[in-house]
Amino acid sequence: MTESTPGGRVMIGVARLARGRADGITLFPSTVAGFLTSLAPLIAFPLVGGLMAVVQGDARKGVADVLATVSALLAPAVISHAFARRWGREELWLRFATAFNWCQWALPLMAMILLMVMGLIGGMASRTAAVATVLGLAAYALWLHWFLVSHGLLLGMARSALVVICMNLGTAAVILMPRMLALMASDSGGRVTLGQ
Numbered sequence: 004m005t006e007s008t009p010g011g012r013v014m015i016g017v018a019r020l021a022r023g024r025a026d027g028i029t030l031f032p033s034t035v036a037g038f039l040t041s042l043a044p045l046i047a048f049p050l051v052g053g054l055m056a057v058v059q060g061d062a063r064k065g066v067a068d069v070l071a072t073v074s075a076l077l078a079p080a081v082i083s084h085a086f087a088r089r090w091g092r093e094e095l096w097l098r099f100a101t102a103f104n105w106c107q108w109a110l111p112l113m114a115m116i117l118l119m120v121m122g123l124i125g126g127m128a129s130r131t132a133a134v135a136t137v138l139g140l141a142a143y144a145l146w147l148h149w150f151l152v153s154h155g156l157l158l159g160m161a162r163s164a165l166v167v168i169c170m171n172l173g174t175a176a177v178i179l180m181p182r183m184l185a186l187m188a189s190d191s192g193g194r195v196t197l198g199q
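If you count by our numbering, then the sequence shown holds residues 4 to 199, one letter each, in order.
No lab work stands behind these hints, which were simulated from the structure alone.
Treat the hints with care, since some could be wrong.
[Unchecked claim] Simulated restraints, written as ranges between beta carbons of each label pair:
| id | residue 1 | residue 2 | range |
| --- | --- | --- | --- |
| 1 | A185 | M14 | 38 to 46 Å |
| 2 | G122 | T34 | 36 to 44 Å |
| 3 | D190 | A85 | 40 to 48 Å |
| 4 | A62 | M119 | 16 to 24 Å |
In this text, a Cβ means the ideal position worked out from N, Cα and C, and glycines have one as well.
Work out the full structure: start from the sequences and follow the hints.
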């Protein structure tokens, strides 16, 4: 793939952004089709997992897992769009959201790099190495999200940090709230009580 092909431009854009090069944002399309294309591979794996659960007879879990994943994937886009609209950056949002989705593939690569580094250090307990890897990956993910917001939506440091915090907390809430409600329902015998 070359930079002249759409797929080549996206891969080069991800590589540049993952290394902190702001010019990578220009290699992503700013169209609805480009945004939907960026979501497709992120949804494909959970969809296959959900279908496997349905085939194995656990349709409820399969459907719930797919819906939870789709909701978690859309949460950053919805939250960032609200901020982009509020601050007059809506015309930049599609390109940013497309780049944000594609750059999620940089995170597993960074996890592999961190694991290799921890393996090379040697002498570190496996539990300590695992914690260091998770913390390193979390720090990199937060930095990458901040970098994308900052350069994709052309926001200052503080506003970019606020968007990243809200996107991550919002996504966590989308993932955790249904599970917490389900636990509350099972603990109360199927009745969820919100207060007396």
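Outcome of the hint check:
1. At about 39 Å, the beta-carbon gap between A185 and M14 stays in the expected band of 38 to 46 Å.
2. At about 42 Å, the CB distance of G122 to T34 agrees with the hint of 36 to 44 Å.
3. For the pair D190 and A85, the supplied restraint of 40 to 48 Å is violated, since their beta-carbon distance comes to about 34 Å.
4. Between A62 and M119 the C-beta distance comes to about 40 Å, which lies outside the given range of 16 to 24 Å.
In summary, the structure is inconsistent with hints 3, 4 from the numbered list given earlier, while agreeing with the others.
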